[in-house]
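Using the sequences plus the hints, can you model the full thing?
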Amino acid sequence: MLKQPSVWLKEGKAAQCVAKYEAKAAPCVAKDEAKAAPCVAKDEAKAAPCVAKDEAKAAPCVAKDEAKAAQCVAKRPRVWLKEAKVAQCVAKYEAKAAQCVAKYEAKAAQCVAKDEAKAAQCVAKYDAKAAQCVAKYDAKAAQCVAKYDAKAAQCVAKYDAKAAQCVAKYGAKAAQCVAKYDAKAAQCVAKYKAKESGDPTTAEGTLLDKIKPVDWSWNCYADKKFDFVDHSLVANLQSKKDKDALEFFKLLSLCHTVMAENNNGELVYQAASPDEGALVTAARNFGFVFLSRTQDTVTISEMGDEKTYEMLGLLDFNSDRKRMSIILKFPDGRIRLYCKGADTVIYERLSPNTRHKEITQTALDEFANETLRTLCLCYKDISASDFEAWSRKHKEAQVTMVDRDAALDIVYEEIENNLMLIGATAIEDKLQDGVPETIAKLAMADIKIWVLTGDKKETAENIGFSCTLLRDDMQIHYGEDVNEKLMSRQSKRRNEPSSMFRAGKKKPSEPYFPGSNKNALIITGGWLNEILYEKKKKRRKLRLRRLGKRQTPSNPQDPMNDWEKEMRQIDFVDMACECEAVICCRVTPKQKANVVSLVKKYKKAVTLSIGDGANDVNMIKTADIGVGISGQEGMQAVMSSDYAFAQFRYLQRLLLVHGRWSYIRMCKFLRFFFFKNFAFTLVHFWYSFFSGYSSQVAYEDWFITLYNLAYSSLPVLLVGLLDQDLNDRLSLKFPKLYLPGQQGTLFNYKNFFISLFHGIFVSLVIFFIPYGAFLQTMGQDGEAPSDYQSFAVVTASSLVFTVNLQISLDTSYWTFVSCFAVLGSIAIYFGIMFDIHSAGIHVLFPSVFTFTGAASNALRQPYLWLTIILTVGLSLLPIVCIQFLHKTIWPSVGDKVQRNRRKYEMQLEDEEKKKKTSGFQRNRASRRSAYAFSHTPGYANLISTGQSIRRRQTAHGGNAGRRPAL
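One rule links them: number in the numbering used here = place in the sequence shown (from 1) + 6.
A couple of the hints might just be wrong.
What the hints assert, rightly or not - Cross-link-like lysine to aspartate or glutamate pairs, in silico, EDC-like; alpha carbons within 16 Å at most: (1) Lys-606 / Asp-580; (2) Lys-524 / Glu-584; (3) Lys-609 / Glu-572; (4) Lys-463 / Glu-486; (5) Lys-571 / Glu-536.
What the hints assert, rightly or not - Pairwise CB distance ranges (calculated): (6) Ala-449 / Leu-727: 25 to 35 Å; (7) Phe-758 / Phe-696: 24 to 34 Å; (8) Ser-245 / Thr-368: 24 to 34 Å; (9) Ala-449 / His-237: 44 to 54 Å; (10) Tyr-869 / Asn-906: 41 to 51 Å; (11) Phe-336 / Gly-310: 11 to 21 Å; (12) Val-854 / Tyr-649: 28 to 38 Å; (13) Leu-752 / Ala-650: 22 to 32 Å; (14) Val-408 / Lys-756: 52 to 62 Å.
Calculated directly from the structure, the hints in this document are not laboratory data. As the structure is a computational prediction, the values presented were derived from the model and not from experiment. The C-beta atom is built at its ideal place from N, Cα and C for all residues, glycine as well.
Structure follows, in structure tokens:
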């Protein structure tokens with residue numbers, strides 16, 4: 007009837023746990039043995055003891071952990087509820103059931119003895135009750151057994167989980183221990199392997215050649231500060247097996263316009279651009295040293311061997327060619343042309359049989375993505391007959407008197423073809439500190455930022471992203487898209503009646519990018535010519551001009567006349583202004599200036615150009631404001647600019663701080679200047695109605711002379727020089743404060759007329775209140791002070807007080823100088839007035855100083871002082887009310903910032919405290935020009951004519967042409 011529970015925790019489970027742990031540990035040991043086996047196979051003699059040693063160390067650790075795991079399993083408790091408890095429970099209920107049965111059997115016996123006829127019914131009745139009682143106690147016994155079974159199962163599951171965690175814990179420790187000694191064994195094997203090969207290693211087994219800089223002791227011309235760690239390239243050059251690598255560095259040491267000088271025993275290079283100097287210096291470190299040059303020769307050192315090459319021609323770089331070449335005659339009689347330039351022009355002139363074209367293009371794309379500035383290097387072998395024929399054409403082009411540069415370019419094109427590619431160079435082009443932050447703040451100030459550069463499209467685009475000019479949420483449009491949109495607009499215009507445009511009633515054009523506010527343009531120089539119709543054939547244009555014919559467009563999309571060309575340019579400027587960013591890449595200096603002039607012409611906007619090199623001079627001169635950055639490109643940009651500084655990030659202070667302050671000061675100065683002169687002059691106009699138009703002035707003559715000179719000039723001058731509504735930190739924190747200057751809201755026709763009406767109002771108050779006060783007045787002495795001189799004194803005093811207090815209300819930046827200017831002007835007025843009105847000076851100059859005693863007589867009357875106070879109060883009270891209501895109801899951005907100035911200043915202080923300066927500051931180089939050249943012609947003309955060489959010989963005693971002895 008009752009089932010006894012069996013033992014929950016069996017000894018078999020413990021065995022399973024141990025077996026499970028051993029199964030987990032076995033792969034770890036097997037993995038270690040598998041790793042150690044190849045190592046032992048490579049160097050059994052030396053590595054085997056080390057591996058055995060480490061395995062011996064690992065074995066106790068594994069055994070130790072296995073023992074701990076076994077102990078953990080062994081510690082698992084046995085069954086808490088013994089079979090005795092279950093037996094006691096069953097016995098308890100069996101005894102109760104037996105008592106119940108005995109009770110009902112006794113009652114049944116009594117019933118049978120009493121009435122035998124009803125004995126069967128009585129027995130059946132008590133048998134049923136006895137059965138119910140037995141069933142009741144059987145059910146209770148079953149519940150008791152089930153209760154203890156459930157508790158036992160929970161307990162077993164709990165300790166099984168703990169045992170599994172313990173096994174996993176020690177299994178992980180064993181795996182870590184095995185892995186640790188596996189690593190040590192691998193290091194030991196690598197160490198013995200390195201010792202066998204003879205290569206130097208560190209304590210960890212790393213080869214020193216991978217981290218140790220190259221030793222340049224074999225090259226006496228090398229720059230000792232030049233760190234280079236790729237030993238394989240140096241070894242390749244020293245072996246002289248790779249001809250392409252030798253030609254690569256030979257080209258860098260020969261194809262340039264660098265000058266070499268001996269400065270105190272040290273070889274110094276002077277280059278037209280820092281990039282060209284960097285390439286020659288790199289070749290110098292690798293053993294190809296440029297030593298000297300004359301008008302006809304170039305001398306270099308090739309891995310210690312000095313060689314002199316005869317220079318037959320030097321084809322210099324310019325912004326149109328984007329390349330330079332040199333033609334040399336080797337000592338063995340061969341003639342070779344070396345050329346380096348931009349990839350866009352070099353790849354067009356490569357020979358079909360050239361090698362390394364695809365791999366070089368891949369490298370160029372990678373360099374461009376890393377914002378590096380690239381050059382392609384190539385060469386061409388020329389036969390003597392071909393060179394003689396070309397040389398005759400070259401000499402004819404050199405002596406031509408008409409369009410010599412174009413003739414030379416044509417001759418250069420004839421020989422710079424079928425080139426063989428050698429490789430490419432890349433120079434790092436880093437941004438200065440603070441460039442992304444500066445561009446972001448200028449963009450927040452609603453300043454349109456256009457980038458005009460000569461870099462590749464990929465390089466320019468990546469630089470745009472790195473300086474946050476371009477963002478991921480922007481839609482970028484390239485030259486093809488722009489040209490297509492402009493052509494569709496041009497076709498639509500041609501189909502419409504021309505009278506709509508000729509009559510000047512041009513309807514507003516539809517946006518080029520509807521529904522999108524985040525757009526950017528990236529246009530190359532070639533597409534810029536196509537879009538603006540700037541690419542024309544000079545020969546055809548000159549020929550048509552000589553024949554007197556009109557040029558007709560060969561392409562239906564070409565402009566029909568100058569008006570259509572102008573409309574195309576207007577469309578381009580409008581489209582560009584709809585974009586947040588515009589990048590023009592691969593553009594020449596002339597194209598940069600043309601883009602700036604288009605914005606000035608069609609948008610009537612104030613333009614600012616900033617550049618650092620000679621290629622930016624045209625752009626800087628064309629813009630309204632030119633800014634030059636003094637850096638590695640030289641001083642050409644600085645000498646042509648209006649402002650100059652060393653870092654691009656200083657532009658935000660120039661515009662957002664000093665530019666904004668200057669605009670506010672100038673506007674306040676002009677408004678107050680007009681106001682004070684209107685208030686001063688119009689008093690004479692009102693006075694003329696009461697003086698019979700007799701030309702009698704309302705003031706004293708000396709007051710008229712000194713009013714703008716001493717009485718009201720100093721406060722307005724200091725406001726125009728020193729006033730600041732907000733400090734520099736808040737001006738940089740809120741670039742939106744720059745918007746009033748762009749919109750011209752602080753001084754325009756509206757502000758001029760406000761100043762005019764303000765002056766009219768003040769002049770009316772200054773004249774008519776004293777006039778009414780003097781009309782019927784009696785002084786304390788019984789005399790009427792209503793004479794002309796007293797009236798002039800009161801009117802002048804009221805004017806001086808009003809003007810100086812009015813400028814005080816408009817002053818935002820109070821210093822000791824400002825207080826002295828306002829109070830000092832009033833003090834100077836009274837001091838000079840009492841001196842001029844004194845009797846002593848009247849005795850000396852009776853005809854000049856006629857207001858004798860007027861000031862002392864008038865100003866001793868309290869009534870007149872009350873008149874002055876009333877006049878000044880009525881003049882200033884409306885202005886104070888208007889300013890209060892304006893700043894309360896219609897506050898500007900500056901008013902809001904000024905109202906919460908303390909809060910914002912505390913936020914800035916907290917930000918400065920949280921900002922931790924890094925202990926390691928990387929030295930960032932300044933951004934250089936577009937290619938590895940200067941965009942102006944180099945020293946080729948000076949080298950060909952020998953002028954610079956002769957001048958240097960004169961200066962240095964004729965030793966400049968010799969190789970410097972180092």
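Honestly, which of those hints from before does the structure not fit? 12
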